[in-house]
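> As a plain string of letters, each chain reads:
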Amino acid sequence: MNAPDNHLERRARELYREAARQLDPATAARLRAARRAAVSGADGSSLAQRLLQLLLPAGAFAAIAFAALMLSSPVQGPTGGTGAGLSPVTEADGELPPDAAAADPALYQNLDFYGWLAKNGDSQASR
Amino acid sequence: MESQHARSGEADDDAMNSAVSTLDTELLAEDVRAVPVSMDAFLAQVERRAFRMAELNLGHREDALDAVQDAMLRLVKHYSDKPPQEWTPLFWGILRRRIVDLQRRRKVRSIVVGWLGGRDEDGEDLPAWEPADMGPGPLERLHDSQSYADMAAAVKLLPQRQREAFMLRVLEGLDVAETAQAMGCSEGSVKTHLSRALQRLRDQLEDWR
Chain A
1 MNAPDNHLER RARELYREAA RQLDPATAAR LRAARRAAVS GADGSSLAQR LLQLLLPAGA
61 FAAIAFAALM LSSPVQGPTG GTGAGLSPVT EADGELPPDA AAADPALYQN LDFYGWLAKN
121 GDSQASR
Chain B
1001 MESQHARSGE ADDDAMNSAV STLDTELLAE DVRAVPVSMD AFLAQVERRA FRMAELNLGH
1061 REDALDAVQD AMLRLVKHYS DKPPQEWTPL FWGILRRRIV DLQRRRKVRS IVVGWLGGRD
1121 EDGEDLPAWE PADMGPGPLE RLHDSQSYAD MAAAVKLLPQ RQREAFMLRV LEGLDVAETA
1181 QAMGCSEGSV KTHLSRALQR LRDQLEDWR
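Residue numbers (the numbering used here), protein chains in the order written: chain A, 1 to 127; chain B, 1001 to 1209.
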């Protein structure tokens, strides 16, 4: 069998290429804009990726360092103890009256004794 | 008998494909496909033809522009690091899939419009609310506009895979391997689809002889 005439293929390709060449200016401009957006978008995203690659390890290192610092030096109370037994109210503000619920009940029961002790102590000191 | 028929069919396919190869060789002599120096240069080289191909498939300027733009973005985003020699089949493959996606989406819209009681202009093309394509027609500035319109109409009648094989292999000039890669099928399938497409087109474009 002879090879078929390739006139159709040739003509079709010529018409297709001619149609592409003769594209109207508005469409050609939109295609150019789309291409530039695609290429510049990729540049922007690769820059962002590079920044992310740099910042991510730095951020992770900072977080680990902060956590290590917190573990190695826990917050200490003003007296040097751990401060675990102190209520937050008494730590925060010493001007406020003691919380009845948190205070030792024996303090109220022996209030007269403590008053006498304070008075005697002052008079002994003045002597 | 069947084997004789199959052998003659294969011989026809080979003959048709060898004719396209001859055409490639002749056209390559005048239009050598150089390796692009950059992604921008590659896209500048193919963007207008890509638009025409999308337009031939979709029949709508805005959809064609969307398809090309999306294909460009995806190529740049995902395949910039590939060697430039691979960009051609990758790009046409992405565009082909994008075109198929848009066609499917349009079909779904048409079905929904049908359910809602609307009617398309010509059966399954644009839904009723689709804005009219007011831009300059694809053929207005074309010297041989009638021939191009005839070809476009004939190509549109081809089944999807035959149309893809014809466009990529004959119109765009990809070789069999590149066409197979872009279509996601074997080289043998490309040859079969192309042979059938050419037979149909020869029947439909009798005037071209």
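No wet-lab data here; the hints were simulated from the structure. Certain hints may be false.
Stated by the list, open to error - What the simulated footprint calls covered on chain B by chain A, stretch by stretch (three residues with Cβ under 8 angstroms from a Cβ of chain A suffice, anywhere in the stretch; the number is not a length): (1) 1039-1050; (2) 1068-1074.
Stated by the list, open to error - Here are some, though not all, of the chain A residues that point toward chain B, as calculated from beta-carbon distances under 8 angstroms: (3) 29; (4) 58; (5) 69.
Claimed, not checked - Here are the simulated distance ranges between beta carbons: (6) B/1045 with A/61: 17 to 25 angstroms; (7) B/1208 with A/21: 15 to 23 angstroms; (8) A/66 with B/1186: 52 to 60 angstroms; (9) B/1108 with A/61: 48 to 56 angstroms; (10) B/1185 with A/61: 13 to 21 angstroms; (11) B/1116 with A/58: 53 to 61 angstroms.
Using N, Cα and C, we set each Cβ at its ideal position, and we do this for glycine too.
> Decide, hint by hint, whether the structure agrees.
Here's how the hints hold up against the structure:
1. Three residues within the 8 angstroms Cβ limit are the bar, and the stretch 1039-1050 of chain B against chain A gives 7, so the coverage statement holds.
2. Counting residues of the stretch 1068-1074 of chain B whose C-beta lies closer than 8 angstroms to any C-beta of chain A gives 4; at least three are required, and the coverage claim holds.
3. Taking 8 angstroms as the C-beta contact cut-off toward chain B, the hint placing residue 29 of chain A at the interface is violated, the least distance being around 11 angstroms.
4. Taking 8 angstroms as the C-beta cut-off, the interface hint given for residue 58 of chain A is violated, the closest approach to chain B being about 25 angstroms.
5. Interface restraint check for residue 69 of chain A: the shortest CB-CB distance to chain B comes to about 41 angstroms, outside 8 angstroms, so the restraint is violated.
6. Distance hint check for residue 1045 of chain B and residue 61 of chain A: the Cβ-Cβ separation is about 46 angstroms, which falls outside the suggested range of 17 to 25 angstroms.
7. Separated by about 21 angstroms at the C-beta atoms, residue 1208 of chain B and residue 21 of chain A satisfy the suggested range of 15 to 23 angstroms.
8. For the pair residue 66 of chain A and residue 1186 of chain B, the beta carbons lie near 58 angstroms from each other, so the given range of 52 to 60 angstroms is met.
9. In this structure the supplied range 48 to 56 angstroms holds for residue 1108 of chain B paired with residue 61 of chain A, their Cβ-Cβ distance being about 50 angstroms.
10. Roughly 50 angstroms separates the CB atoms of residue 1185 of chain B and residue 61 of chain A, a value that falls outside the hinted 13 to 21 angstroms.
11. The supplied range of 53 to 61 angstroms is met by residue 1116 of chain B and residue 58 of chain A, whose beta-carbon atoms lie about 56 angstroms from each other.
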